[in-house]
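Participant: From first to last, the protein sequence lines stand for chains W and H.
Here this note's numbering is used: the first residue of the first sequence is 758, the next is one more, and so on.
Here this note's numbering is used: the first residue of the second sequence is 245, the next is one more, and so on.
Simulated from the structure, these hints should not be mistaken for laboratory data.
Among these hints, one or two may not hold up.
Said to hold, decoys possible - The calculated DSS-like cross-link candidates involving lysine-lysine, where the alpha carbons are at most 30 Å apart (straight line), are:
1. K320/H x K333/H
2. K541/H x K946/W
3. K541/H x K469/H
4. K946/W x K320/H
5. K333/H x K432/H
6. K505/H x K574/H
7. K626/H x K574/H
8. K626/H x K946/W
9. K470/H x K541/H
What follows is the residue order along each chain.
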Amino acid sequence: MTPTASALAWTTEEVRVAGSSVRLRTAGQGAPLLVLHHDIGTPEQLPFYEALAQRFTVLLPSHPGYDGSERPAWMRSVRDVAVTYQALLAARGLADASVVGLGFGGWIAAEMATMAPRGFRRMVLVGAMGVKPAAGEILDQALVSYIDYVRAGFTDQAAFDRLFGADPPTAQLEQWDLNREMTFRIAWKPYMYNPTLPPLLGGVATPTLIVWGREDRIVPVACADQYARALPTSRLAVLEHGGHFLDMEQPDTLAKLVVQFAAEA
Amino acid sequence: MHLMYFTEQPMSAYPADEGRKRGATALMFSNRHFDPVAGSRLYNEYLEHYRLAEEVGFDGIMLNEHHNAPFCMQAKCNVFASILAAMTKRVKIVLLGNPLPLADNPVRLAEELAMIDMVSRGRLVSGFVRGGGQEQLATGVNPAFNRERFEEAHELIVRAWTQEGPFRFEGTHYQHRVVNPWAVPLQKPHPRVWIPGVLSKETIIWAARQRYPYIALSTAIDATKKIWELYDSVAAEAGYTGGPENRGYLQRCHVAETEEKALANARQFMWMQGEFTGLAHPVWSSPSGYFSPSYRKAFVEYAVGRGSNPRAAAFEDQIRDQQIIAGTPKTVLPKLRRLLEETRPSILGFWASDGFVSNADATTCIRLLGQEVLPAVREMGKELGLWSPFEANAPVSISQPAPAAHPNGA
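Chain H with its partners taken away, still in its complex shape (with noise of 0.2 Å):
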């Protein structure tokens, strides 16, 4: 298994009533309510937990995203990919992911990202995503074209990385007419892609052509089953068999030394689903052309208020369904197992924190993960066969092999 850490980054420190008030905290909620220096206590947090993460043995760190609201703090996940590439020694560095179609320029992108996996001596794993749909309104970029951006940029940075320069790009969105990064990703034929998502079929069918593991974000079980099944039908049309290297997933799960602290933490995973501040706004986070056609009578009912947002579950169910988990190291292994038996992901992100959780306690959760649960699930792991891409040395993608080795690989 790859197990991995992940926080949001949540920038906690900002007036919760002035959120309420405006009935929203994201695009539009004013920048004045961010503190600058709350800000940067935050942010050198974050390096700490992400350091002991290391030390604790999670096997990779996963960043991402987000644009114009507090409950992420991460404007660039390249730069703290760059920080981390320095930082740490021994984790992935997973980006799920930077968000391509945001991108004017997809070969700088490229760049970065081989300039990440060359500091890094080869740890990156390289997400992409289509951004969140108020994203596309933060960056003013069209929501229309937002999936064909997607592929585009992917299929130029994929041939950025992998085919020799110089060359020319003409695309529908994009037109390069020199394309020759002196930077290149010291892993070959490329580093690992992976894609996340959570709801939207098209990306699930995308991912499966491409042969790209898919992490399902914090989805009900069933749901995720589906997303299995989709996955696997077409990765069989594809011509290959669908696996536990496919899979991934993220899950909320919070450990304190007592049931009742990890709940009550758990309870501000509720904080960016907009329990606490009402954050999203059904507007901005659905632009007309972002979602599928096929989701167009809910997303409508959704943005004048009559319908329940499609992505979204109460805290309760979240907690029956496992799509969060909280407790003590002892009680929260068998529904991992559970979860590893029914859906049998071989990449399994820990969402550990969120919200208003303190310093401490954070900490103190990344450090029961690493000494009691992460041993336990690697056996798990073992036992079920649930070999991650490394360990299966599965090939990067449906054209390119699996990886060759590398001089100062890691």
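Pulled out of the complex, with its shape left as it was, chain W reads as follows (with noise of 0.2 Å):
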């Protein structure tokens, strides 16, 4: 899984909608997939983004204020990103793109199923954060460094090893330390999630794959329950193993499950 020579040629465009400047990268050949970025942000490339442009013309945003990406100040909680990104995906007139939302993506799409409950052809959540665990705790990665954030995680630590280097540069560093200050602007309080996401979920009408890794240590594995039970056509596929980057850990695994029930009728 070390991101090969073939790396992806990535369309970057800045986009001015509702309010921001999105940075959005786009990739890859088919329909569209709309891929939204963990809290921690993203590496430019990577092998998930990869296997899924085979099959897809996939949607990399920055989110707003992300991994050097223009921040809007007034910007205060993830319903707003969601917003942002609808306004995103209306302006490009993307009305059927399917979603993939890896853990803090993965409570942004939450949020945009529930103002636009048709508007996905299909969602799928990866370890999202969005609810409060009805058993554990979301990690507070207030009270970690940034490295010990990233590596919990990781079940397999050589594949975060691989990925940002056994020690990460600094440069690494202050990119987790600009995205974990734009995360507290906009998710400090409740942290993590939002109260009144699991009713309006109940509205959504999107088919829903629910994807989580058993040892996640920074999103309870009870919140795939919750949200299986919150979206009425969800179902789940829990691995055995994985942690809560499954996305860099077990990419040619999960880009399978998406691959597949995207193809679903």
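Make one complex out of these two single chains by using the hints.
Facilitator: In structure tokens form, the structure reads like this:
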């Protein structure tokens, strides 16, 4: 799963939409698939993206204020991000995109689905934040270092080492700090969930696949069941030996699940 | 000069080995290590120290607050300020200060401070701070909006003190549909506001723009001079000349009957700086968004153990740079003179003891300071023209004049 030489050729553009300038990267061919990254931001290239781009036109926005994109100083909630992305899809005329939400991005996707119950063709939530765990707690990143937080999301530490280096460079730490600051700006309290989300999920008609790593140490696996109960047309796939960052730990397995689910009628 | 007594109110009665085991004694260091019996004793000892400080001639008592850490027992400086307002007769009660961003209702702070000002018959100096990094986490307040909340709460409090109510306040972080506190300060136009700080340029610039005295907290002399260069340049832009009345300094200064004892006790100043218990935790002390973006690189390196604490220095360096002064009254005076000559503050806080210094030694230190150090420092201040804001009758702020005399003024 080392980033390969055949890395994706992304098209990058800045899209002015709903009070933000969204940095949007696009690659691949096929039906549109919006991919929403984690709270830690994302590396430029990932095998997971590459696998998806074989089958889909992948739209990978940087959440406003993340990974060096322009910070909307006014933004105060994850719902604000969701509305921004709804406006982005509308501006692109993408009426039936599917979405993959990774962790924090899963929370954004879920919020988007509540706003437009038939807006997505398919939705995949992977270790999604957004609901208050019935058991356990969402790991508080304010209490742990940048490296410890990201490592907590991996069950396979070798995968972390391959992606970020055993001792990540300072520039990477600065990027994680910047992203953490933006996360605090929009998800500080309550931390990493929205109490009004679960009841609203009851109105979502989008077929949804919920994927979770059994050993997710950032968002307890209890939340998988809560999402499954809250979303009327959903089903659940729990990956044994998987952590929070399934996209980076088990890219092929996760990509396969997404492709199969999207191919269903 | 305005000469103040200060102690962090260290909660020294806890098992230090537990702290070493945990690697930090802040925020997540369990309060099962807090002993309320010892706490009760220490609080009352500190009250006696304050009483003595007034008796031996200090002009002011400086108070502060911190949360979830043994290095400071004051969880609310307004509590001790209230006690001192009734217990003392002459000293200024100098809060350095209330951490504004931690307040969800700044109007309530304005009310509390007005009450303290009235009970003390106009002896309150109301400083404001941002609160330490871990304080944001201890109180669940968003570190990313720390500075915005500081500035907005300050605006609301000053308006609550000076503008007749009722009025409405619609801010970004604070919304109050009715601001009309019944209690307002005795001092007019309002109690003096002093701003303490260590590192942030933004705070120095902000204080200078407000024309509030800035109190440098135990910085090295060269760093202190740079602070005043910056302050004075901002003052000039704002249309006034910065001078001693704008300058304060908190000096760690322990005196004892012998040089050896003073130096041994002064080592306790390292107690809260982590030398003995590893008190600070690099992640908790600098949550993302709390510090200035210009320090981002330094703090992320510190957070993962790659860089040293941007705020820390070794004991020997601090003795050399006079961040810590220790000795007999006779030997500390030339050092204090050097501080006054080189940095010209008119407000001088004496941080007299810390850590495990015994009650007897802490008491002796206060007595020696009062009897042998303060009179000499006062003479130096006169000779050097270091007039305090009170002596100079300086304006309260850039927009508010010097105080009017009040009927029961102290």
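Participant: Hint by hint, note whether the structure agrees.
Facilitator: Going down the list of hints, with the structure as the test:
1. With a C-alpha separation of about 22 Å, the suggested pair K320/H and K333/H falls inside the 30 Å cut-off, and the hint holds.
2. At roughly 26 Å between alpha-carbon atoms, K541/H and K946/W fall within 30 Å of each other, so this suggested pair holds.
3. Under the criterion of a C-alpha separation no larger than 30 Å, the hint pairing K541/H with K469/H is consistent with the structure, at around 25 Å.
4. With a C-alpha separation of about 23 Å, the suggested pair K946/W and K320/H falls inside the 30 Å cut-off, and the hint holds.
5. Note on K333/H and K432/H: the hinted pairing holds, with a Cα-Cα distance of about 20 Å set against a maximum of 30 Å.
6. For the hint pairing K505/H with K574/H, the CA-to-CA distance comes to about 14 Å; that is within 30 Å, so the pair holds.
7. For the suggested pair K626/H and K574/H, the alpha carbons sit about 19 Å apart, so the restraint of at most 30 Å is met.
8. Distance hint between K626/H and K946/W is unfulfilled; the C-alpha atoms sit about 53 Å from each other, more than 30 Å.
9. Annotation: proposed proximity of K470/H to K541/H holds, straight-line Cα distance about 22 Å (limit 30 Å).
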